Each structure stands twice: as structure tokens, then as C-alpha cells.
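Protein sequences appear in the order of chains A and B. Residues in the first sequence are numbered from 122 upward in steps of one, following the numbering used here. Residues in the second sequence are numbered from 976 upward in steps of one, following the numbering used here.
Simulated from the structure, these hints should not be mistaken for lab results. Bear in mind that the values here come from a model prediction, so they are computed numbers and not experimental data. Where hints are given, some of them may not hold.
Sample of chain A residues at the chain B side, in silico, Cβ under 8 Å [claimed, not checked]: (1) Ile-155; (2) Glu-156; (3) Ile-167; (4) Phe-174; (5) Leu-176; (6) Leu-180; (7) Lys-181; (8) Leu-186; (9) Asn-188; (10) Leu-200.
Don't be surprised by glycine CBs; every beta carbon is placed ideally from N, CA and C.
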Amino acid sequence: MDRQEIMERINVIFRDVFDDDTLVIVDSTNAEDIEDWDSLEHINLIMAMEKDFDLKFNLKEVGELANVGEMADLIERKLKEK
Amino acid sequence: MNSYSYDEIEVGQKEGFSVTVTEEALTGFKAITGDVNPLHNDEDFAVKKGYKGKVGYGMLTASYLSTLAGVYLPGEKSLIQGVELKFSQPVYVGDTLDIQGEVTEKNDTFKVIKIKVAVKNQDNKKVLKGSMQIGVME
């Protein structure tokens, strides 16, 4: 799976979690760009990504993410390690 | 009160309890919420609308899910994060409700469980169904 495919799937997850079909995310998107992106929705996002990509993260990894691009990088790296 | 830790909980695990809906419960719910809608407070109104009596508040039935999580599954370490519900049948005063939850998912990263919930009346009819997301505190 290439990075563009990962971003497309992440976008679908974001739309589902935030219940907003118009949401378009880019590498620089972060919690300040999406009003409803609070700590609880962050948990829901990570859980949805773990399920969708069949991956496991640890708290340190997800705590260090600054934006969606870094999230995609982490997923790409984890998928390669599988 | 149960006090399951995250590690003690397994997918498929079930917990539940029963409760009878009383007139006092409806009165108490009305006092707390201020919901004076006649469907829940006026017998004649409810019958005219096609029900066999005053209809119990759906959110009163839903409130027992607080007990399900906070006392039974996982119990003491519960932190409810979200609830999704549908009310499928009316509830009446005198109904005995069976509130059941089953663990469908665990997330090790955040120590969160998802449970499928169902509330059935004494006739085994499902009056509420849904799901809950619950954090399990250390």
C-alpha cells in the first residue's frame, strides 16, 4: 500500500469518526483544524486506524504525532514492518 | 460491585441485571430532567396516542446502562466514553427489564472496551439496543 492509498483510507476514517463527509485532510491537518478533534475523538481515531490497517500502536507512538502526515508515516512504517 | 481490570476482561464476557420500572422512577426522572411531556405523565393522553398506558422515558431505560457499566461491566474502574442507542419498543410502569452487556472488542493501546447492550422486557421483547465504549481505569 503506497502513501497516497494510506492517506485516502485515513481520510475515510476521519469522515466516519467525525461524521462529516466533506472533510478533506492533508499532511498538515492537526487537532487545531478540526473543532471536534478532542482527546476522546483522538482515541476513536487511533482505534479506527488500528482496526482498518490491522495494526497495533503504543501510547508513546501515538502521543508523539503532530499531524496527520506523521500519522500516515507511522502507519506506512508499521505496514512495512509487518 | 464488580471491579474487573482491563486484563481480566475477555471478548464475549457477559454481565447483566434486572430492574422493575416503577411510578417512582418516572416521577424521579421527571424531577431531575424537567421532562413533563404528557406521553410519560398523562395516562389518557398516552392511551389516545395508541399506547396501553404512560410510556416510560426512553432515557430512563438508557440510564440503567450507567449501572451496567459502573457496577457490573467493568464495574468500579468504568469510565463511559460513548453510547449509541435505539429504542425499539415502549416501556411501561411495572415492566421488568433485563439489562445485558457483552464485550465485543478490546483496545489494548487505550484500555478501552466496546460492549453490545440490549434491554429486554418480561415478554423477552427488546426495548433498547445499542453499544457502549468504556475506558477501564487502572
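Structure-based check of each hint:
1. With a cut of 8 Å, the hint placing Ile-155 of chain A at the interface with chain B is violated, because the nearest CB-to-CB distance is about 17 Å.
2. For Glu-156 of chain A, the interface hint is violated, the least distance from its beta-carbon to any beta-carbon of chain B being 18 Å, above 8 Å.
3. Proximity of Ile-167 of chain A to chain B holds as hinted, the smallest CB-CB distance being about 6 Å (cut-off 8 Å).
4. The criterion of a C-beta within 8 Å of any C-beta in chain B is not met by Phe-174 of chain A, whose closest approach is roughly 13 Å, and the hint is violated.
5. Among the interface hints, the one on Leu-176 of chain A is violated; its C-beta lies about 10 Å from the nearest C-beta in chain B, farther than the 8 Å criterion.
6. A least Cβ separation of about 6 Å between Leu-180 of chain A and chain B falls short of the 8 Å threshold, and the interface hint therefore holds.
7. This hint is violated: Lys-181 of chain A has a C-beta 10 Å from the nearest C-beta of chain B, more than the 8 Å allowed.
8. Proximity of Leu-186 of chain A to chain B is violated relative to the hint, the smallest CB-CB distance being about 13 Å (cut-off 8 Å).
9. With its C-beta approaching chain B no nearer than about 19 Å, Asn-188 of chain A sits outside the 8 Å limit, and its interface hint is violated.
10. Because the beta carbon of Leu-200 of chain A sits about 17 Å from the nearest beta carbon in chain B, more than 8 Å, this interface hint is broken.
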